[in-house]
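Residues per chain, in single letters:
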Amino acid sequence: MNHSNEIAIGFSNIVFGLAFLMVAASLLTWVERRLLGFWQDRYGPNRAGPFGVLQVVADGIKLLFKQDWIPPFADRTVFVIAPAISMITVMLAFAVIPVTPAIGIIGNLNVGLLYFLAMSSLGVYAVVLAGWSSNNKYALLGGMRAAAQMVSYEVFMGLSLVGVVMLAGSYNLTAIVHSQQHLWYVVPQFIGFAVFFLGGLAETHRLPFDLPEGENELGAGFHTEYSGMKFGMFFIGEYIGIILISAFTTVLFLGGWYGPILPPFLWFALKTGVLVAFFVLLRAALPRPRYDQFMAFGWKLMLPLTLINIIATGAVMLFWSTS
Amino acid sequence: MNSTFDISAIVAVLATVMTITRASAVHALLYLTVSLLAVALVFFVLGAPFAAALEVIIYAGAIMILFVFVIMMLNIGDVAADLERAWLTPSMWIGPSFLAVLLAVELCVVVAAGGYGHRAGSVVDARAVGVALVGTYMLAVELASFLLLAGLVAAFHLGRSMTRAD
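Protein chains in written order, with the working numbering: chain H, 1 to 323; chain S, 1 to 166.
Hints listed in this document are in silico derivations from the structure and should not be mistaken for laboratory results. Note that CB positions come from ideal geometry on N, CA and C, so glycine has one too. Errors might be hidden in some of the hints.
[Stated by the list, open to error] Facing chain S, according to a computed beta carbon distance under 7 Å, are these residues of chain H, among others:
hint	residue
1	110
2	111
3	114
4	117
5	118
6	121
7	122
8	124
9	132
10	147
11	151
12	171
[Said to hold, decoys possible] Not everything, but these chain S residues come out facing chain H in the computed CB check (under 7 Å):
hint	residue
13	49
14	56
15	59
16	72
17	126
The following block holds chain S by itself, in its conformation from the complex:
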């Protein structure tokens, strides 16, 4: 169980690094998907199978697909990749690298101190998540649904005016 956690955590970090450094947008998105799948495995190992399944269904299976879909629609080819390569100059890396190194040092210190033993004790199943959502966090869920409804109406409105202009 520990090695599963460690391997998936390492995969998640490596895949995220690849996401940032790829010049081709689709390749970057694929690495991001791998990273999300690794995070889902981390959730699973930590005792949250429901969150793990939702991570795969919603993030990897729906949101990332939409990203890939949009990139396909735009059909940006090698030109965009070259542009991206030109933007990623060495001086660009100084700031982010400094912050990342800080985090890496922190991680090393925590691991060396053996302070990451807080693996979840109990498994949080779907029922517990549901009870928490419509019980304790009712207000947050309702607010989120307001937001989604507003988004839906806005999308509908934008779609309508586009067809009228035709």
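Pulled out of the complex, with its shape left as it was, chain H reads as follows:
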């Protein structure tokens, strides 16, 4: 294969990936409402188009025609940058996901896992800057909560992956998937899996961990002052974040594209889809904890648990390698 051919394939991967992601994320807004309706014994949006699918289009048109207002007391530049950061960081993180051996942009990056953690830690800026630049006390409180929540849960998220890295012996995501050919890491690393998923829930600030935007105490939290498409970017960014965490959980703990009979891509999509539905189910099932309970839960339960997990993994590996 010559060089220009490689570039063409890479480029088409990027374009199709982004297009697929945008469509999937906007469809997810509808899927979530239908699923919530199903679990709460009601219909959800079912009028526009077949099964209400066109609700997505209606919502998009509505957002586009809303007045895009920037408050006069806001810090203009930062106010505009913040929603862009929120979308860019989550979309960039998708670059390292090896969907199948053939589909993926830089799935072979030798620090792929760290790249994902780096992007998710940069995502904090979006929320913090949105809260600060709005110059509104509810937004500021939301931004501060978001900063504390995301920076703390990032710690556990990173530590929960150390076990996987130890077993796979690599930060390369493709290598991590390859090493799960016979046994998914969700079995030996169940604690890591659970902590990573909870950390992901906190990183995407989804219910029940949506304390930065808890509407009964903070208005809408960090995006109180946002309207129109800028709000839409935060909104879609959150849904892309859900897909991102689900896709990474699939890659790291559920064996990526491996599975019998069905083609690799379908296996990957299926596993990711089930995890996304689980995200929605958690929202439907669980109440929001109080902020101090939530932080205490992180530092007093998740942190010791991940550290014990690392020590135990190391001990077992040492035992196996010597015996």
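Starting from the structure of chain H, add chain S where the hints point.
Leaving out everything else, chain S in the frame of chain H:
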């Protein structure tokens, strides 16, 4: 590869200059973050992907966020920016500018002489960094962890006495 290095190096220098000259603390911090990201790219191009990732995760993603967090908590507004503007008088710039010009001349001379061709030959991966940390530099790592533990205990102590005073 060369142009990536050059562009990110220039971005790093420009962003750092903006960091120093901004009056608003948050804007200055954002430029500093850009500068750190550019430095991460420089590391990456030089063949240190692990260091590049850590630069983004730890500096840009954790330390700078904490800085922004503290500035948000203090909620200093336009008053502080005006004060900062008043401090940045032209006479303030003489000393730093002189030193910066010296460095700039040095850089120009080195670039003109073509003496910056020492781009790393091999890629230093995560495994190599790990082996070096717990092998060759064991003592330094242990000392650093002592320091961090001391910091942790101190922070805990300060936090405790604050709640008792309430």
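To see whether the hints hold, each was checked on the structure:
1. At about 6 Å, the closest approach between the beta carbon of residue 110 of chain H and any beta carbon in chain S falls short of 7 Å, and the interface hint on this residue holds.
2. Contact between residue 111 of chain H and chain S, as hinted, is supported at the beta carbon level, the nearest pair being about 5 Å apart and thus within 7 Å.
3. The criterion of a C-beta within 7 Å of any C-beta in chain S is met by residue 114 of chain H, whose closest approach is roughly 4 Å, and the hint holds.
4. This hint holds: residue 117 of chain H has a C-beta 5 Å from the nearest C-beta of chain S, less than the 7 Å allowed.
5. A least Cβ separation of about 4 Å between residue 118 of chain H and chain S falls short of the 7 Å threshold, and the interface hint therefore holds.
6. Interface restraint check: residue 121 of chain H against chain S, minimum CB-CB distance 3 Å, threshold 7 Å, status holds.
7. Hint status for residue 122 of chain H: holds, given a least beta-carbon distance of 6 Å to chain S, under 7 Å.
8. Checking residue 124 of chain H against chain S by beta carbon gives a least distance of about 5 Å; that is within 7 Å, so the hint holds.
9. Using the Cβ-Cβ criterion of 7 Å, the hint placing residue 132 of chain H at the interface with chain S is satisfied: the shortest such distance is roughly 5 Å.
10. With a cut of 7 Å, the hint placing residue 147 of chain H at the interface with chain S holds, because the nearest CB-to-CB distance is about 5 Å.
11. Taking 7 Å as the C-beta contact cut-off toward chain S, the hint placing residue 151 of chain H at the interface holds, the least distance being around 6 Å.
12. Satisfaction of the interface hint for residue 171 of chain H is found here, the shortest Cβ-Cβ separation to chain S being roughly 5 Å, below the 7 Å cut-off.
13. About 5 Å separates the beta-carbon of residue 49 of chain S from the nearest beta-carbon of chain H, less than 7 Å, and the hint is met.
14. Taking 7 Å as the C-beta cut-off, the interface hint given for residue 56 of chain S holds, the closest approach to chain H being about 4 Å.
15. Here the hint on residue 59 of chain S is broken, as its CB sits about 10 Å from the closest CB of chain H, past 7 Å.
16. About 5 Å separates the beta-carbon of residue 72 of chain S from the nearest beta-carbon of chain H, less than 7 Å, and the hint is met.
17. Interface hint at residue 126 of chain S: satisfied, since its Cβ lies 5 Å from the closest Cβ of chain H, which is below the 7 Å cut-off.
In this structure, only the earlier hint numbered 15 is contradicted, and the remaining ones agree with it.
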